[in-house]
Every structure is written in C-alpha cells, then in structure tokens.
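J.: Please assemble the complex out of the two chains, which come individually in their own frames, going by the hints.
Chain order of the listed sequences is D and U. According to our numbering, numbering within the first sequence proceeds without interruption in unit steps and concludes at 383. According to our numbering, numbering within the second sequence proceeds without interruption in unit steps and concludes at 732.
Bear in mind the hints are in silico, worked out from the structure with no lab data behind them. In this text the structure is predicted, and so the values were computed from the model without any measurement.
The calculated EDC-like cross-link candidates involving lysine to aspartate or glutamate, where the alpha carbons are at most 16 Å apart (straight line), are: (1) K104/D to D464/U; (2) K654/U to E677/U; (3) K640/U to E615/U; (4) K597/U to E561/U; (5) K104/D to E543/U; (6) K102/D to E543/U; (7) K102/D to E538/U; (8) K566/U to D659/U; (9) K597/U to D659/U; (10) K684/U to D659/U; (11) K330/D to E731/U; (12) K218/D to E29/D.
Okay, here's what each chain looks like letter by letter:
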Amino acid sequence: MTREIRIIPLTEMPAFVGALMQGRKVLAPTRNDDGLCVFAWLTAPEQADWTCEIPRVPPKQALLPRTEVLFRYHREKGKETVSPPPPPEPQVVLGLHPCDVQAIKVFDTVFSAEPSPDQPYLERRAMTTLIGRGFSEDGPSTPERLRRPSPLVFCRELGIDPMDNRDCDAFLVPLAASRMALEIMTDKGTALKPAYERFPPAVAEDRAAIAEARKLSQARITPPLDMAAIQRNLETIFNSDLWNRIHEPCVGCGACAFLCPTCHCFDIQEETQGLDGARVRVWDTCQFDLFTRHASGHNPRTSQKERSRQRIMHKFSYGVGRFHIPFCVGCGRCIAACPAHNDVRQILKEIHDLPRKS
Amino acid sequence: MTSQGKANPYIPYPVTIDRVVVENEARDIKTFRLVFQNPEDRKCFDFRVGQFAELSLLGFGESPIGIASSPLDRDYVEFTVKQYPTGVVTTELHNSEPGRPMGLRGPMGNGYPIEKMAGKNIVIISGGFAVTTLRATIRYLLHPDIRSSVKNITVIYGARSPGELCYKEEFTAWSKRKDIAVTLTVDNEAAGWKGRVGFVPAVVADVKPAPLDAVCLICGPPVMLKYTIPELTKLGFKPGDTYLSFEMRMKCGIGKCGRCNIGPKYVCIDGPVFSLAEVSALPAEY
Chain D
26 MTREIRIIPL TEMPAFVGAL MQGRKVLAPT RNDDGLCVFA WLTAPEQADW TCEIPRVPPK
86 QALLPRTEVL FRYHREKGKE TVSPPPPPEP QVVLGLHPCD VQAIKVFDTV FSAEPSPDQP
146 YLERRAMTTL IGRGFSEDGP STPERLRRPS PLVFCRELGI DPMDNRDCDA FLVPLAASRM
206 ALEIMTDKGT ALKPAYERFP PAVAEDRAAI AEARKLSQAR ITPPLDMAAI QRNLETIFNS
266 DLWNRIHEPC VGCGACAFLC PTCHCFDIQE ETQGLDGARV RVWDTCQFDL FTRHASGHNP
326 RTSQKERSRQ RIMHKFSYGV GRFHIPFCVG CGRCIAACPA HNDVRQILKE IHDLPRKS
Chain U
447 MTSQGKANPY IPYPVTIDRV VVENEARDIK TFRLVFQNPE DRKCFDFRVG QFAELSLLGF
507 GESPIGIASS PLDRDYVEFT VKQYPTGVVT TELHNSEPGR PMGLRGPMGN GYPIEKMAGK
567 NIVIISGGFA VTTLRATIRY LLHPDIRSSV KNITVIYGAR SPGELCYKEE FTAWSKRKDI
627 AVTLTVDNEA AGWKGRVGFV PAVVADVKPA PLDAVCLICG PPVMLKYTIP ELTKLGFKPG
687 DTYLSFEMRM KCGIGKCGRC NIGPKYVCID GPVFSLAEVS ALPAEY
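Here chain U stands alone, though its shape is the one from the complex (with noise of 0.2 Å):
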C-alpha cells in the first residue's frame, strides 16, 4: 500500500498546483489540483478513495490531507483544504497560485472498504467541508467502468447556507441523474435556495436511507455524527456496516511519529477510516 520499497518515506514527490478553486463564500475552504512533474510517479501513487497524503510545502511543513478526486482521474490528484489562521501550511497553500511546484507523500491510510462495498446499495452521509473523501468516493463510483458494481447509491450532503456547499456544480449535475439520489440540505432558509432545509440528522431521519444490504459511509463535524449516528441506527443500519473517518494531528503519516492514535490504533495506518463497530471499541479520545 504505502511501503515506497527502500526509498527514504519522507521526501515527497514532486508536485506542481495546476488549479485552484474557491469552493465556498467565506473564501477559507479552496481545491488545488496537483500534478505531478514526473508522470511515472502518479503511477506509484497509487491509491483509493478514502486514503489521504502529506501535502508537502518546503520551509513550511506538511498537512496530511483527504484526498478528493477519484483514482479514476489519472492526470491529476486533488485535495480541499480549509485554511486555519494557526495553519502555517494550510494558509502559505492558500496564498499560492498554479504554478507552483510543492511536494506530496503517501498515498496513507487504510481508505473506504471499496471490496465490502460491492453489490451493495450504497448511503453516504456528509456535513461541511468533511464532504472531501466522498466526494472522491462519489466520482469514483459514478465511473461507467465502476458505476454497475453497486445497487443504489443515496447522498445526503448539508452545509450551514447554500454559499458553504463544496463541489456545488458537481453536486448540482449529481442531482439531476437518475443513477444516483442525492439531497442537498442547508441549516437555514436562505435567499434562493430551492433545496431542503435542516439539519444532516433531520434529514437522514426524513429520507430514510434503507438499511438492508446497505453500506454507510459517514463524514462531518463531531456534532453531525453525534446526532446521525443514532438516527442510523434506528433506521437499523448495522454498526459493522458503517464506516467514518477520522482526522488527527499527524507527522509522519506511517505509524511511527506516535501522536495520532486513539486508543490502540493509530489513525494513519489503521483509519482514517474506521466501522462504528471498530469505534465503538475505542476509547473516547478524539
């Protein structure tokens, strides 16, 4: 997966911003589409959804972040990061234009359970701007090569006003198609937003995603999950068949820095993407 052979795993492979995109109104949340100087290395990068990289800014650091495009987008590889003021490589990142060359290391983690996936009717859950691995995982799966390999694919996507929603043009074709049923939903009425209003929670328990031969695929803020969880469950989804992911302070990205674990599993070589089962085992530090 991760093991680069003999090569030395902290130098990152060379990179240059192609694109950037502002994704929302308050302007903090932006895609950089990465690619890379020698082609051969995206061949090494190999990688599924759900995994993440260390991106990579010499004489700033690195910020391990999910990665948001599709293994099936083989030009290029793009991440969504949300810039903090204490973020010294999230916001130099966020200062820098296409052109650029910077570094990325992995790809890490274990990823979504793509193979346990297959055949089944696939529900995906996101609030915010955590929306980033599923929305690889989407493209991913509406590839017409990948597209028949699972039944029926339901999203619930919400954001606190329409201006915050990720990816809204793709979101937006995505809710016009008829392989793919896909609810939009914002916190608050807002001016010309046509779309559902409420909270995720609500929402799941207003839809009502059937559980039956069902995978879950859950991603937000704390408080998304604390209030959807228990909707899942009553809807009957079953805890080994529900996956979240999870975010860390991370280093090496390899299991050895030592500062991501929760409990006995470190999150960037066992998650970032685990089952509530296999969460509901941890202790509750995170």
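Same shape as in the complex, but just chain D (with noise of 0.2 Å):
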C-alpha cells in the first residue's frame, strides 16, 4: 500500500539523490565513459540518469558484489585466524525497472532458502532499500524516447507490469511538466523522510495522473508465453535435438549471464597477499567449461550443448519447480549483448511450440 506521494520537480532531483547519499551508498542507472547506461555506484548525485530504461548493467552487484569477501585471514605456522567482513553498509538501489525489482525476488528466494540461508546475502539485503521506478508509454509526461520502449524488453509477456510499484520501499512515477512522483511504500521507504519531507505532498489531479497510467500499463499486460507448457515442455526435451541448433551460434563468452539480473552462480576463491587473505566470492558462469570440471578431469557438461541447455532449463524449469518462479524477468538484457544474436524469446517460442507428444 502507499503510504504517502510526494512530487518533485526532475531540477530538484539530483537534491533528492544527494540527500540519498547522506549516510547511504547510493546505486542508480549513471553513463558511462562509453555512453553506455549501466547501473553504478554514484559519486556525485547529478550523475543519476533518467533517460534510461534498461540500463545494460544490471543492479545486481548491489546484493552480489562481484568481489565479496566471505571472510578474511592470517596465517602463521601452526595458527590462523580468521575474521567476519565488516557488516554491510546501508545502501538505496535506485531508479530501478519492475523487472529488475522481480530479479531481486529470483535473488531473495534462493538466497533465504533452508536448509542455509545465505548469511552474508541476507544482511546486506536487509540494509538495501529499493527504490523502483515506473514506466508508462501512454503516460502524458512520458518523454519522447521512454514512448517507445526497448524493442527488447518482453517483460510484459512474462506478466511483469513496467508500473508495478510492489516490492519496493518507494516507487518514481513520471509525471507531466517535468517531475516525478515519488510512492513511499514500507518502513524503508519512510525512513527516507529526511530527504523527500521538503518536496510538497500529490494532490488529487497527480494521483489521478498516477492512477491513469497504471491503468493503462496494465491494459497492456496479455502474458502470450503460457510459462506452464514450457516448464512442461523443457522436462521432456532433455536429449532433444533442438540444443544442437540452440547452442551452435553461442561463443560460450557468458555475457548473458554476467549481464542478467537474476543469475547469480558464484565461485568461491583465494585472495592472498603473503601471510593475509581473504576468502572472496566472485561472479561466475554456468556458460564456462571450467564450472563443472571435476579435478580428475571429469565433466558432466562437456560442450557448450550442455551448457547453453543448462541455462535455459535453470530458468525456465529447475528455478520453476524448485522456486515457483521464473529465472528470467524479459529485461532482453541478454538479447542485447549477445555477440551471436541468440535470442530467448525465440528459443521460448520453439519450446512453447513443440508439437505435444501424445
């Protein structure tokens, strides 16, 4: 439920990001030296950036850093000591789409799972608030370049509403003449007072204007992928020829998954400097030989068969029925960076059409 609106101008934002930043580490869609919209950690509130849907860097390093320390250490002959990390520091993800907002969940359901909930996830995480933003088409203030979405995106299909606020602790809704509405949401969201008390509450015709545009996006929801067949489908195709022409194009570079917002395999590695170390944990691929090599040599995935098969059926069936939830958002994050122009929507269409064995 919202709790409270408050608008403010899109001069006043970068006020409204530097209040953030008191006390807090800020992630937010930002360019890059490239030009590139990625999402980064903000050094200066005017570098948030609004123009941007999807930005090709995921926020996922926000809750699975891409270097972690699990722990560090030193050692001397016949003694080692070992120390927890810092806890972590509290941290707003900002700006982000509904669908990265989903991908968080994907995280919060593997990550709190028994019979080990992931420690180190679950404190950082409990010090993180999300601050999602909406995107509507058809909304009267939409600038010219959100009124045509990324080709890409298809989280629609998958039943994601680009305007749903739930999951966050407080939601950015653009309005007409140049602002933005802010939805506080949770406890969270309410703890963020200091740096939103100064901007004026909604008044009836904003949330009119707010209310419309919900409306409309979700008149646009018609989910076309009927995820149930192709769960189904994936769980008699596992010796199917259609991996041979799935995996021939793939270069095995893993983009797809360091650029997806819900993947989140690690590795687990030594960092050490003489007698000093740390334990780290790092991002990492089912798309690489080495992730399931055994040390005597063996490997139940020996070709990038099985290995861009893996990936399809972790998000699309294992996650499923383990989870009950997809291990894919429809951000097309993947489509855009890969160097071979696979493309999921494709492969889901192909699954979902397989003919049904009778």
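T.: Given below as structure tokens:
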C-alpha cells in the first residue's frame, strides 16, 4: 500500500539524490565513459540518469558484489585467525525497472532458502532500500524516447507490469511538466523522510494521473507466453535435437549470464598476499567449461550444448520447479549483449510451440 | 541439518590435522583425522553417515569430501582424500603434516537412509576409494549400540590390486567377524593375495546377496556402477531400495552457487545420496 506520495521536479532530483547519499551508498542508472547506461555506485548526485529504461549492467552488484569478501584471514605457522567482514553499510538501489525488482525477488528466494540461508546476502539485503521506477509509454508526461520502449524488453510477456510498485520500498512515477512522483510504500521507504520531506505531497490531480498511467499499463499486459507449457515441455526435451541448434551460434562468452539480473551463480576463490588473505566469492557462469569440471578431469557438461541447455533449463524449468518463480524477467539484456544474436524469446517460442507428445 | 542459524555459513570450523594415514601403494590416497580446536564445535558438527563436508585450507581453497568416520567416533572426524595433480586443495592437503591447522565446513547433504535401513538386511557394494562413506557406514553399523538395529550385513569391496584396497587392516579384521559378511576382491591375480579375483559386478553375481527385505548402498567408479546395477536388478533389488552416492564439483555446498545440479536436483542439498528410482528420473548429466 502506498503510504504517501511526494512530487519532485526533475530539476530537484539531484538534490533528492544528494540527500539519499547522506550516510548511504546509492546505486543508480548512470552513463559510463563510453556513454552506455549502466547501474553504478554514484559519487555525485548529478550522475543519476533518468533517460534510460534498462541499463545495460543490471543492479545485482548491490546485493551480490562482483567480488565479495566472505571472511579475511591471517596465517602463521601452526596458527590461523579468521575474521568476518565488516557489516554491510546502508544502501539504496535507485531507479529500478520493475523487472529488475522481480529479479531481486529471485535473489531473495534463492539466498533465503533452507536448509542454509545465505547470511552475508541476507545482511546486505536488510541494509538495502529499493526505489523502483515506473515506465509508462502512455503517460502524459512520458518523454518521447521512452514512449517507444526497447524492442528487446519482453517483461510484459512474463506478466511483469512496468508500473508495478509492489516489492519496492519507494517508487518513482514520471508525471507531466517534468516532475516525478515518489510513492512511499514501506518502513524503509518512510525512513527516507529526511530526503523527501521538503517536497510537496501529491494533489488529487497527480494521484489521478498516476492511477491513469497504471491503468493504461495494466491494459497492455496480455501474457502470451504460457510459462507452465514451457516448463512442461522442457521436462521432456532434455535429449532433444533442439539444443544442437540453440547452442550452435553460442561462443560461450558468458555475457548473457553476467548481464542477467537473475543469474546468481558464483565461484569461491582465495585472494592472498603474504600471510594475509581473504576468501571471496565472485560471479561465475554455467556457460564456462570450468564451472563443472572435476579435479579428476571429468566434466558432466563437456560442450557448449550442455551448457546452453543448462542455462535455459535453470531459468525456465529447474528454478520454477524448486522455487515457483522463473529465473527470467524479460529485461532483454542478454538479447542485446549476445555477440551471436541468440534471442531467448525465439528459444522460448520454439519450446512453447513444440508439438505435444501424445 | 546444516542450518547454522545466523552464523555465516562460509566460515569454517577451525580444526587441526591429528593423524595422516597413507591408504594405498600409489600413495595418492590418504586418510586425514581432524580434531576440532573448540570441542563444542564437534557437537555442532552433528552428522549422519553418507554426509560430506568442505575441507578448507586458507590460501588454497576448499574441497567437498565425504565423511569417512562414524558419527559415533566422537573425538575426531576422518576424511579419505585422493590427490589429483590438478587439485590445488588435495595436493596441499597431501603435503600437510599432523599439527597443521585447517578448516571444516558442514556437515552437508542428506546422507544414507539410516531410518529406512532399520530392521533390514544391509548390502554394501563398493569399488576403489569411493568406499569412504561406506566405511563410515560399516563402522557405524558395527557399533555395539547400533549393530542390533539391522539384520545381516553383506559387504563386497573391490580394488584394482591388493595395494589399492583402502582401510586394509579394518577390512581384514571385519572379514574375520561373524556379524558381517565381507568379500574382498581385486581385478587381477597378485602375489600373496588369497582373496577373490574378479571385477565387482561378477563378484556380486557370484555372491548373490539376497534382495529380500534389504537395502543396498553402492558407491564406486561409473564403470563399476554401470555393470553392477544390472546385476542387482537381476538379483531382484528394487530401485527404491538401492542407493547411490554422487560426486560433483561444488563450491558453496549449501545450494546457492549453482554448479552441482543434475537436472532439478542439487547434489549438495538433495543428495549426494539418491535412490536408483530417483536417479532414473534424472537426466543422465553426471
């Protein structure tokens, strides 16, 4: 439930972001040196960029850092000491597309699962405030460039509404006359009061505009992808020739996984210098040969065929079977990044349309 | 089971290597006896036979290894480790002497179906150094407090040569006992070897363990499994009563890092022990 709504002029957004940065790290869409929009840690409030729909780099680094110290250690002959990392700092992830919010739900589901909840993740998550951002191509104030959403985004086909504010602590909705509405939904959202209290509350007209944008957005949701059928079909095609074709163009670069907001597989490595060191976890991907290769040399996934299959199976069959949530949110990043032009939408369509075995 | 409350599940228990035993002639299989530096940690490390743990060497990494001692061996935990030239952790471990501090994370996995084994005949089949968690099981079942909880125990254990049989003194002692039937076999005739000669599947066909009211535990190299399972089926063992233990490359050991799955099952938390019925429902990706 929305507790309150404040109205922030776009010209005042840097002031709002600057206030968020007081005592918190802020991860937000920003332009990198190449002019690409990516999620990155802000060092100045003006860096936050509001012109981009799906930043190429997802926000997952806020919750699963590329390199995360699990603990540090010191070794001496006959004696070893281990010290846990410092507790995580308060942080805000700002400007999340609702599909990226859904991806964080995937993370939450996996990392909180029994029998062993992932304590480092949960501690970091508890210190994290999510400020989503709505995208409505029909909204009266929607800038021209966002009226034509990326042709690669297919979150609606997965039932995700780009105006959905659920699972966020606060949510931004673009309004007419270069303004943003800030919806506050949770205690974590309310805790941002010092950053937003100087902005005026929404008036009835603003509320009506927000409601209208939501209504229009919801009307666009017509999920044509039958995820249950896809999962059902996947269970029967492990040995299908389909995989020969799907993997053929794949170069095994792993870009799809590293840019995927739901991919969370990791490696655990040692970083040492002299007698000191740290055990760290780093992003990893099932697209690499080493991912599953045993010390004996045996590898259950010897070729890119098995690895491509694992990616699709994990996202649309295994994840759904275990956690009842697909490990894909339709952000389209993997489609944009694939050097071989593999398109997960095409793959899903093929799997969906497979003739039903009688 | 492995839920460690609010603790960071990646921080290992501090342990010390207490004893190292070379198990084979090739000297690439050793058993490491570990003792907990804080005795109360041993109580937290509450395991059942068939579970595994991550052996942790700071500066080198971790390796998931089956627990080779019995839960009733209360003062220590043992692991039998084969060294591979590409294995950073196993190589460093093999270069380690008693007294070295290291870490232990676990216990992990489901273990053998002890509850289901109660009151049953137990058939244990193994080959090579895969015998480790089954050695733990035999030690456990032969404990005076436990032995009467199961009926007959039949063990068939094979290795390439007499010098490659692990836990040799223990198996020799067990083969002289009346409350367990042990058959040891080697692949080829060898000087001084008075036991059987032949591959495990052939010996199983010859010994003919009875399937009636029995639970069968089997662990060995893939080629042994491939030819032994049909023999067991021929003898009448049911897929639901036959259990295998799997190995996979692992990192976290707690179902997060995403690399040890066979189809929808994670070997680290759903396994490593699966019934043959469960295995036949999985894709053959192992």
